[in-house]
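These protein sequence lines map, in sequence, to chains P and X. For the first sequence, position 24 matches number 24 in this note's numbering, and the numbering has no gaps at all. For the second sequence, position 213 matches number 213 in this note's numbering, and the numbering has no gaps at all.
I should point out that these hints are in silico values taken from the structure, not numbers from a laboratory. Here the structure is a predicted model, which means the values were calculated and not measured. Hints are not guaranteed to be accurate.
Calculated pairs, DSBU-like style, for lysine-lysine (alpha carbon to alpha carbon, straight line, at most 35 angstroms) [what the hints assert, rightly or not]:
| hint | chain 1 | residue 1 | chain 2 | residue 2 |
| --- | --- | --- | --- | --- |
| 1 | X | K21 | P | K14 |
| 2 | X | K261 | P | K58 |
| 3 | X | K256 | P | K224 |
| 4 | X | K203 | P | K257 |
| 5 | X | K159 | P | K159 |
| 6 | P | K283 | P | K205 |
| 7 | P | K257 | X | K159 |
| 8 | X | K21 | P | K298 |
| 9 | P | K224 | P | K30 |
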Amino acid sequence: MNNNKGILVIVELKDGIIPPIASELFGAAKIVSGGLPRDISIVVIGPGAGSIAGSLGKFGASSVYASDSRHLTSSEAATFIESAIGQSHPSVVLLGETDLGRDLAPILAATLNTAAVTDVVALRVDNGVLIATRPVYGGNALADFSIETAPQIIAVRPKAFVPAAFVEGSLAVIIALPDIEPSSSVRVLERVTVARQGPRIEEAKIVVGGGRGLGGPEGFIQLKQVAELLGGVVGASRPPCDQGWWPESGQIGITGKIISPDLYVAVGISGSSQHVSGVSGAKTIVAINKDIEANIFKVASYGVTGDWKKVIPAFAAKVRELTGR
Amino acid sequence: MDIIVLIKQIPDPEIPPASFKIDAATNKVVPPVGVAPVIDPYSEYALEAALRLKDANPGSTIKAVNMGFNLNKDLLKKAVALGADDLILIDDPAFADLDTTANSAILSMAVKKITRFDVILTGRQSADWESGQTGLLLGSILNLPVATRARKIDFSGGKLRVERVTSDGFEVIETSIPAVITVSSEIGKMRLPNIKGVLAAKKKEPSMWKAADIGAAGVTMRRTKLLKLYQPQRESRCEMIAGATPEEQGANLALKLHELKII
């Protein structure tokens, strides 16, 4: 494997701005470089790409390929990226595990006769071999993979990598990607944003999760008040969603949302492996559960064994007192 | 329409984490004794999507395809009990240890042998390896359009209209057929079988294929190497919050989190 070859980072603009995952991708690129100077190129796609491309030099990139196209299907976006790969010949392609990224990784892998590792949470270089770690089996296990073909395609999980610092005064060459023929077989008819109250659960800094132990939908009213008090949002494990106590869209776990908040408060949640895997990225986990044997205490940093109905109001009262909210 | 639904068998994901074991020598999960494999939950969503398409388009057929090694034949009968017309089990020792690339390549060979189909449905990922690549790889190999993470699928005017779940809403995608669609949990839970279905399923024998039947004998196409499979080190030192009553514990918890500047 030739370690002197370049790294290509794919940046997908969100409403014309550079999303946080972009600097995390450059943080990952730093690890991939393994301390060696490696050429970094960028593909930036989405409306506004052409005008924002120049500013991406601050991530230490030598060239930036830009496409302003909007409403691309995943395979059309892949075509743009393939043309940039054809010009820059990277040995590693880094992208985010986003709506588009998780489609792009396998599409690029197939067209370039290589392989992708998705949902990567850690990277390291060992004797010149790039090793990508990803959670599997509902977070019960971690798997270390190497990719034996080039380019190695790595899709990284948001918030898993330390964002890279800017390199001031860096200049990059901007290369506009040529337009492509739109696909005749697939097209995006519309994109609908569903308005929601408060931050998205995947982006919330504080999440309060409710489980079967809440006993019914009423419990979630209390959790919602506590979450609002803390400036956070409410989620749930699978049983309350199955029972209709809480909407499916707020389900945390492998068949729901993967979250990585600063604080996760699990209330009346036993901690099945599929739920725990969805919260393993949380910085601090607090568990409130009557059953001291509950699995959730194995992953929590702080635990309270007691009836949530008594714990939560006292907790909320103290929070109000301490924060003056 | 003719529907192929790809089904996967996996170790039961609902087992308590304490029973989850890995054999470090082989980098494999050791199935807990007495716990049968289950149909992957995402395959169930794909099957439900297939059944809904069949309901909405009378005269449709569903072929449920399961590939792997040492497969449980009876597990798949559930698909027939619910309304699938045919079962194809592709079971071969050669399929015991595949990576995502090899898996999709072999599935594409199976699909080619089936020849006639309008749509291939698969889970958006599996609940064991969770790579989320199979449907897209399959589409690329077969040169078919792919729509991922479907929460709703309609067929009209010879086209498929798919609502694709996104992080902040959904997209409406229109695709020609044949196509590959990966199905998300938002489609809704798999229905339950009725007695008539269960009885019909008992009589139904799956077609049994080997690697050689689909031209996959001796084909090796791994592109990734699994270097190590291991259990994450979890900080199991949970500090229990003191307090004589639950109310006191609750208040102390607030104090603790405030002290740590978390709240």
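Review point. What are the numbers of the hints the structure violates, in ascending order?
Key: Per hint list: 1, 4, 5 and 9 violated.
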